[in-house]
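Fit chain to chain and form the complex, with the hints in mind.
Chains S and Z, in that order, are what the protein sequence lines are. With my numbering applied, the first sequence closes on residue 248, and no number is skipped along the way. With my numbering applied, the second sequence closes on residue 883, and no number is skipped along the way.
Hints may be right or wrong, so weigh each one.
What the hints assert, rightly or not - Under the rule of at most 20 Å between Cα atoms (straight-line distance), these lysine to any residue pairs were calculated in the SDA-like manner:
1. Z:K718 to S:S85
2. S:K106 to Z:L656
3. Z:K561 to Z:L542
4. Z:K718 to S:P37
5. S:K102 to Z:H457
6. Z:K335 to Z:N479
7. S:K34 to Z:Q630
8. Z:K653 to Z:Q562
9. S:K102 to S:P37
10. S:K102 to S:L191
11. S:K102 to Z:K565
12. Z:K653 to S:I105
13. S:K102 to Z:R657
14. Z:K435 to S:Y65
15. Z:K718 to S:D42
16. Z:K653 to S:E118
17. S:K62 to Z:M632
18. S:K62 to Z:Q630
19. S:K106 to Z:S641
20. S:K106 to Z:R657
21. Z:K565 to S:N243
22. S:K106 to Z:D652
23. S:K34 to Z:L633
24. Z:K653 to S:D103
25. Z:K738 to Z:R657
26. S:K224 to S:A208
27. S:K106 to S:D202
28. Z:K354 to Z:Q331
29. Z:K718 to S:R99
30. Z:K455 to S:A58
31. Z:K455 to S:R69
Calculated directly from the structure, the hints in this document are not laboratory data.
Listed below are the residues making up each chain.
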Amino acid sequence: MPGKSGNQPVDDATQSCWSCGTMRAVHFCSSCGKVQPPVPVDYFTFFGFPRKLNLDTAALEKEFYALSRKLHPDVFGQAGEQERSWSLEQSSMLNDAYRTLKDPIKRTQYLLRLEGIELEEQSKQATEKARASGELKKQVVPPDLLEEVFELNMHLEELRAQKKIGEDDPALLEEIGKAKLSLEEKYDSLLNELKDEWNGWDRAVDAATENNGIESDRRKILDKMVDILNRRNYIRNLVRDVNEAMEN
Amino acid sequence: MATDYIVGIDLGTTNSLVAYMQGDVPVVIPGEDGLNLVPSVVALDEKNQIIVGNAARKYLIETPERAVFSVKRLMGRGVEDIQEELKLFRFRLAEDLQQGEVLRIKVGERAYTPPEISALVLRQLKRNAERFFGAPVAQAVITVPAYFNDAQRQATKDAGRIAGLNVLRLVNEPTAASLAYGLDKKKNGIIVVYDLGGGTFDISILKLHDGIFEVIATNGDTHLGGDDIDNLLIAIALDDIRGDLGLDLRRNGEAVARIRKAVIEAKIALSSQAATKLDVDLPDGKKYQREISLEMFEQMIQPIIDRTVGPCKQALKDAGLKPKQIDEVVLVGGSTRIPKVQRLVEELFGRKPHTDLNPDEVVALGAAVQANILGGGSEITQDMLLLDVTPLSLGIEVAGGVTDKIILRNSTVPASATQHYTTQVDGQTNVAIHVLQGERELARDCRSLARFDLKGVPPMPAGLPRIEVKFLIDANGILRVSAREQRSGKEAEIDVQPTYGLTDEQVESMLLESFDYAEEDFRQRQIIEARREADTILDALAKAKKNSAWRELSMDECRNAETLEKKLVNVKNGDDYHAIRDGIDSLNQATMRLAELMMDTAVSTALKGKAMDVTGHDHGEGTHAGHPMAKADFE
Numbered sequence: 001m002p003g004k005s006g007n008q009p010v011d012d013a014t015q016s017c018w019s020c021g022t023m024r025a026v027h028f029c030s031s032c033g034k035v036q037p038p039v040p041v042d043y044f045t046f047f048g049f050p051r052k053l054n055l056d057t058a059a060l061e062k063e064f065y066a067l068s069r070k071l072h073p074d075v076f077g078q079a080g081e082q083e084r085s086w087s088l089e090q091s092s093m094l095n096d097a098y099r100t101l102k103d104p105i106k107r108t109q110y111l112l113r114l115e116g117i118e119l120e121e122q123s124k125q126a127t128e129k130a131r132a133s134g135e136l137k138k139q140v141v142p143p144d145l146l147e148e149v150f151e152l153n154m155h156l157e158e159l160r161a162q163k164k165i166g167e168d169d170p171a172l173l174e175e176i177g178k179a180k181l182s183l184e185e186k187y188d189s190l191l192n193e194l195k196d197e198w199n200g201w202d203r204a205v206d207a208a209t210e211n212n213g214i215e216s217d218r219r220k221i222l223d224k225m226v227d228i229l230n231r232r233n234y235i236r237n238l239v240r241d242v243n244e245a246m247e248n
Numbered sequence: 249m250a251t252d253y254i255v256g257i258d259l260g261t262t263n264s265l266v267a268y269m270q271g272d273v274p275v276v277i278p279g280e281d282g283l284n285l286v287p288s289v290v291a292l293d294e295k296n297q298i299i300v301g302n303a304a305r306k307y308l309i310e311t312p313e314r315a316v317f318s319v320k321r322l323m324g325r326g327v328e329d330i331q332e333e334l335k336l337f338r339f340r341l342a343e344d345l346q347q348g349e350v351l352r353i354k355v356g357e358r359a360y361t362p363p364e365i366s367a368l369v370l371r372q373l374k375r376n377a378e379r380f381f382g383a384p385v386a387q388a389v390i391t392v393p394a395y396f397n398d399a400q401r402q403a404t405k406d407a408g409r410i411a412g413l414n415v416l417r418l419v420n421e422p423t424a425a426s427l428a429y430g431l432d433k434k435k436n437g438i439i440v441v442y443d444l445g446g447g448t449f450d451i452s453i454l455k456l457h458d459g460i461f462e463v464i465a466t467n468g469d470t471h472l473g474g475d476d477i478d479n480l481l482i483a484i485a486l487d488d489i490r491g492d493l494g495l496d497l498r499r500n501g502e503a504v505a506r507i508r509k510a511v512i513e514a515k516i517a518l519s520s521q522a523a524t525k526l527d528v529d530l531p532d533g534k535k536y537q538r539e540i541s542l543e544m545f546e547q548m549i550q551p552i553i554d555r556t557v558g559p560c561k562q563a564l565k566d567a568g569l570k571p572k573q574i575d576e577v578v579l580v581g582g583s584t585r586i587p588k589v590q591r592l593v594e595e596l597f598g599r600k601p602h603t604d605l606n607p608d609e610v611v612a613l614g615a616a617v618q619a620n621i622l623g624g625g626s627e628i629t630q631d632m633l634l635l636d637v638t639p640l641s642l643g644i645e646v647a648g649g650v651t652d653k654i655i656l657r658n659s660t661v662p663a664s665a666t667q668h669y670t671t672q673v674d675g676q677t678n679v680a681i682h683v684l685q686g687e688r689e690l691a692r693d694c695r696s697l698a699r700f701d702l703k704g705v706p707p708m709p710a711g712l713p714r715i716e717v718k719f720l721i722d723a724n725g726i727l728r729v730s731a732r733e734q735r736s737g738k739e740a741e742i743d744v745q746p747t748y749g750l751t752d753e754q755v756e757s758m759l760l761e762s763f764d765y766a767e768e769d770f771r772q773r774q775i776i777e778a779r780r781e782a783d784t785i786l787d788a789l790a791k792a793k794k795n796s797a798w799r800e801l802s803m804d805e806c807r808n809a810e811t812l813e814k815k816l817v818n819v820k821n822g823d824d825y826h827a828i829r830d831g832i833d834s835l836n837q838a839t840m841r842l843a844e845l846m847m848d849t850a851v852s853t854a855l856k857g858k859a860m861d862v863t864g865h866d867h868g869e870g871t872h873a874g875h876p877m878a879k880a881d882f883e
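Isolated chain Z (complex conformation) (with noise of 0.2 Å):
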């Protein structure tokens, strides 16, 4: 490939986007449908052909037991942590899952693991991408919260691996955030980006120093987004229909979507107007409707909102500022539109939060920047590093079930730390170590992140071996481990068992059944695509033929038009994509006049409207210069 495109990817709890740097302005790549959200759904259809985003959507609502949603909540998490989600989003775990299993959901009657989940979302981005460059995209720095973990990272990378994507970065979304709003500013200062998206929460305090994105401390929630809102005005919503209409709705999935989609839409009318109504079909020709003000709503969701609180008191404290030190506030996620929000904020910090970015964009234009850099660079980020830290603090079990930390959070990464271990008994040659992510001062209270068994250590009496293993946390804020046995200077061997997370062997199998050969399917993909196009413009002759215009051309013309006509009828069907390109370039050049001719007489005013917008848009790459015809006949 001439050009090894890098893409900047967001994947959202509710959206994701796709970004990169076009010159030196980041942009979201639209998709097929023109928009920049691609929402995180995943549907199955009755034919059990996977849809993604703005189309899967209705089947949230039509079959809900063939579409899911919000699955970013269970990444790297065990069926233990998410009964609180299950409650809340009925997720349908796969009935044969065994005890230390990755999750599986249902999705129709198939079963996916959350990554594999994610990987569609991501596929879907990437194609995205591929169509707007026509070539194939393989590199890309995706976005996490920064309080994952390392079992949640870890998923997100495998979830970019099983779609084809080499992850070259995984990049804190406040911290991209940052990125982009520093871009152009060159300015020096202390500035926190307060990030409340659909899922996660997050806060992040940063030092801006001569191109230099230094994250000081971070903290937050991962647990707590705009989902949380939309759940208890279901929930109410649910109460008031079982007192007035004596209706126990809980589990009906489809009035549930119904519900969800209104109290979403009643939330996003309350970011701008003093009240809303709400108005639901139910089942049985029943409505539930109410009135809900800006006062009641703001009420409701205080609980909610007065958790990121905590976590920007103790990033405060970590960072050892206080908020008058702080010299800008930037705002990032869909839900900090809430006015309530917003004024919290503003309360946290004692000045107004900046809000001049889109905060639904803001990170994936971020993480665009940063795959610039990751590329090599361009002018505008050339002077442009970001040092950020690991959320959490990583610890080690030792005697008497008790946490050791051996990394503190908001350590800058890369990070590491040394350990010795020896043995306990005479001729011992395995050593167990268990690595936890927390900050509580007993194991059972922090997160179980793998146990690492050392193998083949020479036998030695008891005590005589000296073991150093050495705790790596990469830029991406994922764990590696490395041991040797320093008196015979032997690497030790270590089997890793991750707590939570698939294994190598499990995400490679899960690439090559579905993903096969990156490159290979995008020529598959690419020709697809045409044969597409060329019945598409096929179609519009046929019924332009039909068309006054017609009988206007000059029998050459015709005779022309005719001729490529059969030309791309038998080529469309070949595996020649140049042949077919070519077939529907020339037919397009030959029938210029005719769709002109069509406008003039307006003969079809929708199909004129079309072509004009076409026009408009034509990026000039060939491949996608639709011919105004063919376009109109997309309607």
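Chain S extracted, bound-state conformation (with noise of 0.2 Å):
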């Protein structure tokens, strides 16, 4: 699946090795192995992989693991101070860009993030200005979530209520565990809506490349995942408010 292997140029190909001067890869030289100054690429072109969403994990280690024998600090550990630099550089960038690439979501927020969209920041600018003006962050409620949520809250205010004078409601804590139960289903669910994206992604990114994609089709797709991490977040949090206030 990935369209090139990391130890082939990917920018310039003219550009040469600084200690040996013959063609180099784009960390370190295909010829004596020296590692290369780190030039600031994305976390999909450092792996030489097209930005697509469905990635081959099994060879993204193989990969990963290649190219960290040739870049880790370790390997450098007789080297000049520059080439310890750079392979510190280097190999962070390295891990870095695994540690995103390997987890399905991080992956997709990093390309959400390469596309414009700063996901992070949007949530902490909001966060930190209810912070500031001492009112709890808003949450837009889901639409298709809205009875559910609405429901549930009213079970934990009343559980709240039940904890403070020390009740304990079997029917009612059966109801919000239930309640929780369907939540962590649709937090699972959405993570299968995700990959269906992703596959539309890919597509877009294939047509884009064979100079007929559609710049509205490829927005329509990002906006829909955000709405789905969106949507994930909310959950995330409102099974973390059910987990907190059961254990109170």
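Listed below in structure tokens is the structure:
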């Protein structure tokens, strides 16, 4: 699935190795093996992968191990200051890239960021704003969950009130438990919804390389993914609230 | 130097070791006393001479105020962190300690920081290695508990520098153990390393894949170990003594030290027998005696060893693994000799742990393997690569005192994160950043690592500067920070104030004060040791002349020996190491037959036993191949 392997030049094939002068790979010289100065690239490019979301994680791991053997600071234990510092930067980028790409959610979030959508930034700003004004952060309830969430919140309210006076209502706990289970199922199914969007995105990437991609299609898919991730986040926070209410 | 030796050092809470790769096999380098373990004990004798290791142990009992142990517990910590330790260990803090200053511990009349005390242990190990190689040693890999935070790691690195060692890498102890374990096996799978040492507990889960040792998750407790078991037993004994004998010995350093020694012996005995006796001489001719059965012992220590369960479960959860997916469990650290601990591990992971390795030595052996890898590798290590993780999340404090995590725990290191900052006020030129380490939500519950002050931000309207700060955790697990103002492209100056730790200047001054010029130091020591050896052989010869064997030598032999004797006396106080060495060697040669005669006639049986022992252990190093007579006199 990956288009190119990591040891082929991505951007500038004419660049040569600083040490031996032959043509070099992106991160290390394919001829003499020396580490090369790091070039700022995105994580997909770092691995020589196309910017697609369906990713063969076994191939990713294999490439990660292969690149680690070339770039890790341990390999440069006896090298000069400059090479050691390049190796440190290259290998931290390798590790950051691997950590991000191997996880389906982080991978999607990262792609969204590359496409100019600052998911985390949005949420962070909202959180900080809410904190500064001393208000609770307003969560937009996904419409399909409206009814369920309304009921659950009432139950939680009730549970907290009961706990305060030291009472215990098994029926209520059961209701909440059921609601939690249903939320968790939704949470899991959202990953599958997300994967459907991946297919759409990957097709759009292929179409773009054939010069017949439609920008509005790409946009739609991205928005859909943002929506799925937001809903997923919302459910995760809700489940955390439920757990807290039940524990306290 | 023809060969640059890189050694692996296990700087333990209780014991320390130094090892190196001898061909394909990592081996521990013994000390002058022939023992592999160097107790991490430092003492000052009556003349304020520094004593380290086994020789320092007697001071723990005789003059406890002149000796320190378990100082690893204090590395990278502040006064407010160690209140609990102080109740148990009676470390004497320097009286003039200022708020925010690095701890100083009193030993006799002097006061040392924990890194300095550790440096004294490291220096001893360095000397042991130098004696063994007959050459200076300046580079080392040092192990640290996997769960050590940035400050504790930095303190360990500082200790290395103070000892005159270039610390090529800090390696996590369980990971080092896995290197020693996996060295000759070349197998793939998931292994768990359960490391319960003298003062720290670590659990690491690794994936072994064609020579890559990838840590998937790690967890632990940097203040949990055999020490805690000892302290519990001591507390029980002190209570007993107060109840039965009406003696309050809690403030009596010598008595506590005696009890400590006794409970440690009891603990060790209970690893192989069903009951043991505590028998301690107390002041005023009183005695404390008590039977401890294995059953009682196991009941008492249950709460302590149960504290290892949480970290194990968390590590499994972080790794996303179930116990049945684990292929092998490896035990490390002296406390895993306790049968109850082994049973606990077996229950936790559903399999019998691997106990073939010497739990005291495996970490040092692994450090030697890593030292070899960093030195360029050899045939057996060339495919080996260690990918370790950071044990704790790295965060920065944001509005409301909340921690914003930017590098999560169990991220493979080196790892980095980039954050963007701007200014709040027009013309603002400084931005303060508070860096934290830990898992908690609130900044005040996390460990404060450092406060950074970004200086020299070009004056601009508020919100316009865009300062990019890069946080990078290196392969040692130590944080590095760099910053750049993106609009001007200017590298911002960073003023780092470590919350707990020595500044570079402080480390530098400690280094210069005590151990200046490692190479010169080594030459001097070589000369001193050679002189000592010369004295020994000269003494032995003087004694041998009174022996009947002397009269059996020919006139020539006698004359030759006496000429060489005079020659050695003449050169031994000079500074020419090689002349002294040659003098010793030729006198050694010339008196060989004399030594043999003395043995044959069995005039001295003690001498004979020693001499045979020596010939069996001749490393052929030249410098250290001792003379039979000389060696015999060491007794």
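Hint check results:
1. Z:K718 to S:S85: 14 Å, holds
2. S:K106 to Z:L656: 13 Å, holds
3. Z:K561 to Z:L542: This hinted pair is violated, its Cα atoms lying about 27 Å apart.
4. Z:K718 to S:P37: 17 Å, holds
5. S:K102 to Z:H457: 17 Å, holds
6. Z:K335 to Z:N479: 10 Å, holds
7. S:K34 to Z:Q630: 17 Å, holds
8. Z:K653 to Z:Q562: Holds, at roughly 18 Å.
9. S:K102 to S:P37: 25 Å, violated
10. S:K102 to S:L191: Holds. K102 of chain S to L191 of chain S sits at ~15 Å (cutoff 20 Å).
11. S:K102 to Z:K565: 18 Å, holds
12. Z:K653 to S:I105: 17 Å, holds
13. S:K102 to Z:R657: 16 Å, holds
14. Z:K435 to S:Y65: 16 Å, holds
15. Z:K718 to S:D42: 16 Å, holds
16. Z:K653 to S:E118: Since the Cα atoms of K653 of chain Z and E118 of chain S sit roughly 17 Å apart, the hinted pair holds (cutoff 20 Å).
17. S:K62 to Z:M632: 15 Å, holds
18. S:K62 to Z:Q630: 18 Å, holds
19. S:K106 to Z:S641: 17 Å, holds
20. S:K106 to Z:R657: Measuring from Cα to Cα gives roughly 15 Å; hence the hint holds.
21. Z:K565 to S:N243: Holds, at roughly 18 Å.
22. S:K106 to Z:D652: 17 Å, holds
23. S:K34 to Z:L633: 17 Å, holds
24. Z:K653 to S:D103: 18 Å, holds
25. Z:K738 to Z:R657: The given pair, whose Cα atoms are some 31 Å apart, is violated under the 20 Å limit.
26. S:K224 to S:A208: 19 Å, holds
27. S:K106 to S:D202: 17 Å, holds
28. Z:K354 to Z:Q331: Status holds; Cα separation ~16 Å.
29. Z:K718 to S:R99: Satisfied, since the Cα-Cα distance of roughly 17 Å is no more than 20 Å.
30. Z:K455 to S:A58: Holds. K455 of chain Z to A58 of chain S sits at ~14 Å (cutoff 20 Å).
31. Z:K455 to S:R69: The given pair, whose Cα atoms are some 16 Å apart, holds under the 20 Å limit.
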